[in-house]
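Q: On the provided structure of chain A, position chain B as indicated by the hints.
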Amino acid sequence: MDPVNELPDGIARALKALDARAARREAAVDPERVVQRVLARLRSEPAAPVGLPGLASWVWGVPRTLRVAAAAVLLVLAGATGLVMVRGGRAPAGAGVATLPVVVQVDSLSQAQAEAVLKAIDDVRAVNGGTPAASTVSVQDLSEQELRALLQAMQSSEGAL
Amino acid sequence: MGVPATAVVSDGDLIARYQAGEESAAAELVRRHAAALARFLAIQGAPESELEDLVQDALFKAFRALGRFRGGASFRTWLLTIGSNLLKDRRRQWARRQVLELTPDLADPSGDPSAVAEATWTAQKLEEGIGKLARLQREVFLLRAHQGLQYPEIARALDISEGSARVHFHHAVKRLKAWIQ
Chain A
7 MDPVNELPDG IARALKALDA RAARREAAVD PERVVQRVLA RLRSEPAAPV
57 GLPGLASWVW GVPRTLRVAA AAVLLVLAGA TGLVMVRGGR APAGAGVATL
107 PVVVQVDSLS QAQAEAVLKA IDDVRAVNGG TPAASTVSVQ DLSEQELRAL
157 LQAMQSSEGA L
Chain B
4 MGVPATAVVS DGDLIARYQA GEESAAAELV RRHAAALARF LAIQGAPESE
54 LEDLVQDALF KAFRALGRFR GGASFRTWLL TIGSNLLKDR RRQWARRQVL
104 ELTPDLADPS GDPSAVAEAT WTAQKLEEGI GKLARLQREV FLLRAHQGLQ
154 YPEIARALDI SEGSARVHFH HAVKRLKAWI Q
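Top to bottom, those sequences are chains A and B.
Take any residue in the first sequence, count from 1 to its spot, add 6: that is its number in this note's numbering.
Take any residue in the second sequence, count from 1 to its spot, add 3: that is its number in this note's numbering.
Incorrect hints may appear among the rest.
[Stated by the list, open to error] The calculated label-pair distances, taken between Cβ atoms and stated as ranges, are: (1) B:K91 with A:D36: 21 to 29 Å; (2) A:E51 with B:R169: 38 to 46 Å; (3) A:S50 with B:S167: 34 to 42 Å.
[As the list claims (entries may be wrong)] Computed footprint of chain A on chain B; a stretch qualifies when at least three of its residues, placed anywhere within it, have a C-beta under 8 Å from a C-beta of chain A: (4) 26-34; (5) 52-63; (6) 117-129; (7) 175-182.
Calculated directly from the structure, the hints in this document are not laboratory data.
Source: prediction; values computed, not measured.
Glycine included, each C-beta is placed from N, C-alpha and C at the ideal position.
Excised from the complex, chain A in its bound form (with noise of 0.2 Å):
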């Protein structure tokens, strides 16, 4: 279908006169003219220095969808790990652990951190035999043995830091 016809009938007549308006202005512009000023400039002005070295340019080389889903994700974990709260009373009985309640701060974790945090809860679901879901996660739902290896990715993490 062409464009045009999707136009109101004033806007395609107002968009003709103006296409013919700057059909007379693009006329004073001389291609040639042009053509040795670009040139000329490409000569004499040095390219730029690649602007994002590393992983910088990697990243704005992903689709734009990408980036967005990606810190859609990071959103989410931030989110999710945002307090999470390891109540004492579900540390293994004699084990020998301090019964108090232990309140992690995670908001600062880095994305190593975190990675590493979920992967330990998924080697761990794994080993179980339960489905290694990260993105169904809740801290709530972790037995005694996902959150020692919590603690424990957390603690190593934390050292390789």
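A: Just chain B now, kept in the frame of chain A:
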């Protein structure tokens, strides 16, 4: 027998040749697209006295940014969006130093004076209306109504969804209709 002399080299091939160091490929790309770019900028209200500079700057920027051209839209569409952005930046500068159009468009003297006057008025009104649209509405409207592009290509050029392009076009037409009436 070689390739016929009339064979048209694609923009993609010219870009590749330019990137390989062949300057004549850049010259050919400029020849192909300079006029269309000038018209696209003129219809958005670029003054005649500034038009050639704008075209030259937009082409220069495009060549410098070729590394970021992903080929989702055609080279021309991509170039037109670069030109539009450049025009938007220049408007801010012109607003500060009050650029005056020294060579106002003269309507075709051969036409009926009243028809010419009406055409001039509607063109002026539409140009003002286009200038008042939000950036995406303006670009979608012009790429669709002036350049005749299909929504998928517009969407790729502007990095938006096809549905979003349709919505922007719809709103642009609605606002222009209200402005002109």
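Q: Failing hints, ascending?
A: none
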